[in-house]
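Participant: These protein sequences, in sequence, are chains A and B.
In terms of my numbering, the first sequence has 419 at position 419, counting the first letter as 1, and numbering is strictly consecutive.
In terms of my numbering, the second sequence has 41 at position 41, counting the first letter as 1, and numbering is strictly consecutive.
If you are wondering where the hints come from, they were derived from the structure by calculation, not from laboratory data.
A virtual CB, placed ideally from N, CA and C, is assigned to each residue, including glycine.
Take the hints with a grain of salt, since some may be wrong.
Which residues of chain A face chain B? A few of them, derived with a C-beta cut under 10 Å, are [what the hints assert, rightly or not]:
1. Gln-8
2. Glu-68
3. Pro-72
4. Leu-76
5. Gly-229
6. Ile-230
7. Val-308
8. Cys-406
9. Gly-539
Covered stretches of chain B (in silico footprint by chain A; criterion: 3 or more residues with CB under 8 Å from a CB of chain A, positions within the stretch not fixed) [what the hints assert, rightly or not]:
10. 6 to 16
11. 32 to 39
So the chains spell out like this:
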Amino acid sequence: MKMSGIWQKFRQVMPKGLKDFPNYGEGVERYNLLRKNFVLIVCATAIIPLLLMAVINYYQYQSVLKEEIVNPLRRLITTTKHSLELFLSERESTLRLLIRERTFEELSSQARLNFIFQSLKAEFPEFVDLGLIDASGLQRSYSGPYELKGKNYKNQDWFQEVQLRGVYVSDVFLGYRKFPHFVIAIKRDTVEGDFYVLRATIDTEKFNELISTISLKPGSDVFLIDRDGILQTPSRHHGSVLEKVTFPIPPMSLEAVIGQTKDHHGEHLFGYAYLQQAAFILVLIKEPGEVMAGWFTLKIELLLLLVVSVAVIVIVSLRTTGLLVDRIKEADQKRESLYAEMEHTGKLASLGRLAAGVAHEINNPLAIINEKAGLLKDLVDLSKKYHDRKKLMEQADSILRSVSRCREITHRLLGFAKRMDVKVETIYLNELLQEVLGFLEKEAFHRSVMVSLNLAPDLGPIAHDRGQLQQVFLNIINNAFDAVEDGGNITITTKESDADPGTVEVAFADDGRGIHPNDLKHIFDPFYSSGKEQGTGLGLSISYGIVAKCGGDIRVESEVGKGSTFTVVLPQKCTMA
Amino acid sequence: MAEYRVLLVDDEEEFVSALSERLELRGIEVDSALNGEDALAIMVEKTFEVVILDLMMPGLGGLEVLKQIKSAHPNTQVILLTGHGATKEGIEGMRLGAFDYLIKPVDIEEMLEKMKAAARTVGTG
């Protein structure tokens, strides 16, 4: 029930030519349609799963590769980000600790600060300087390479920001000594409601070290930028410190993000993450390396495999379908010719029965005519009183001769009818040929066609089916009659084969119009007709069938304009089962 | 001149009448019947040396009549009349004891010869 439902569905989408075959289409078109639909269906059923598999494979490989490429990158960025963050928070914490543990007095004392800075620098050499700024923005003490004591920061942006937020991390900038560094400032509120700020400058060299340790592979570029796209650390391919990068600033994300970018160098893997404390963005740009090259080859191979497979499927389906359809065509033709042959044989059989019936029916009145005329003759013969007895006798004799002729005809008809039944019997070929010619005497006479017999007098008997051989000979002689002009010549020769003793050859030679070489090739094909006369196109086909069945052969030699010779070769004995 | 008597059995009246007249003209004593039943009835009353029997008859068929004649009158010779196509029946008739057979339309001389030969066997037998 369910299956039949599915089948019904399938039938609905099936091409029309397939489900209605063989009723759909006409002649050759029908087979072309069948061929087309077969190929379509075979290709579709083979290629669609193939395509699906290829697509699935593609995505699977892609995801595997992603795991292989993207995830390490992500990890790399995340670890780097963490270590950078840790670096920053460590410095920040150190300053926070300092500002909390030391009193304002202590920090504002230049000597103390120098001491503190020395011990700080011993621990963290990247600290460049350290200074204390009071609420008015005045640098109260300063320890470092520059003369910044007494400088007022009141109106600077960073001072405003540290007042507001309590902590400030600056962008990288080039200081007086022209090396990149940045500033961390921490604010502390006093119990009196006042505040002061501890400010330290940090050399970014350490940043660079941190970053360069993580990725030294050629083709990789790791650097920090700020939110305006200004490089904070040197990059390999995207400019040096404080230059602006060419690519757009990626959207905010604390998590590592891996993507792809394209520039004039080609495709790149692009990864980044925002640092938590500062307005820094860690950027990683990686040229597609070997793994990506592998992916590329894989893509090509996959595509190649797909194309080759599809080509093979198409070719194979074309070839097999071609073969299949040819077979179907052949089978159809065979079946058709068989039907036609059967029909023809059936026609002949009913014709035979009709002939037999007619012959029987005519025989009775013929017998009466015969006896009446005989009686007439007897009466005239015995009596002396007729003056015209000679003339009367002549009339009676004429009637009797006609009866005799009629009898010949009915005999022949009956013989013809009887021979419809297949039966192997002893046959004298010469006699058989003369019998067959008896049917055609009248036509030969009317058309003045000269039929010469050149019969081997010592030709022995052969064992064949009389009726069928008659049919074969009648057919060939009929064809010869059709081929010759009025007044033409037909020569029938019988002889024992020189090459194969025991085999008998009957040659029918005419001087008719001959057969074109193109037609000669198809002369024994069923339904093949030269088109010049009406006919079933079956005569020679059936004849050949009959002879071949018995192990014989029909040979044809012909020259256009000169005539044809059909030679029937018959074995001594029909080998038909 | 009447050396033997002949019974002519055929369903075609015209044929029978003409043929019997011809035979009578040749001095042969001929009786005729138009079917098998009549023939057998006549043969009860009269004796014939030769019976000319058509094989194709309505009613009692030729072969059946032949069988009955051969069993009732073993000394009577039967000559069969057949059409050309009916050789099978002719052969069957010969097997059943017919003396000879003739193919219609009959040649009178051939018929006379065969009848004579048949009558001779009866005469000697």
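Participant: What hint numbers does the structure not satisfy?
Facilitator: 1, 2, 3, 4, 5, 6, 7, 9, 11
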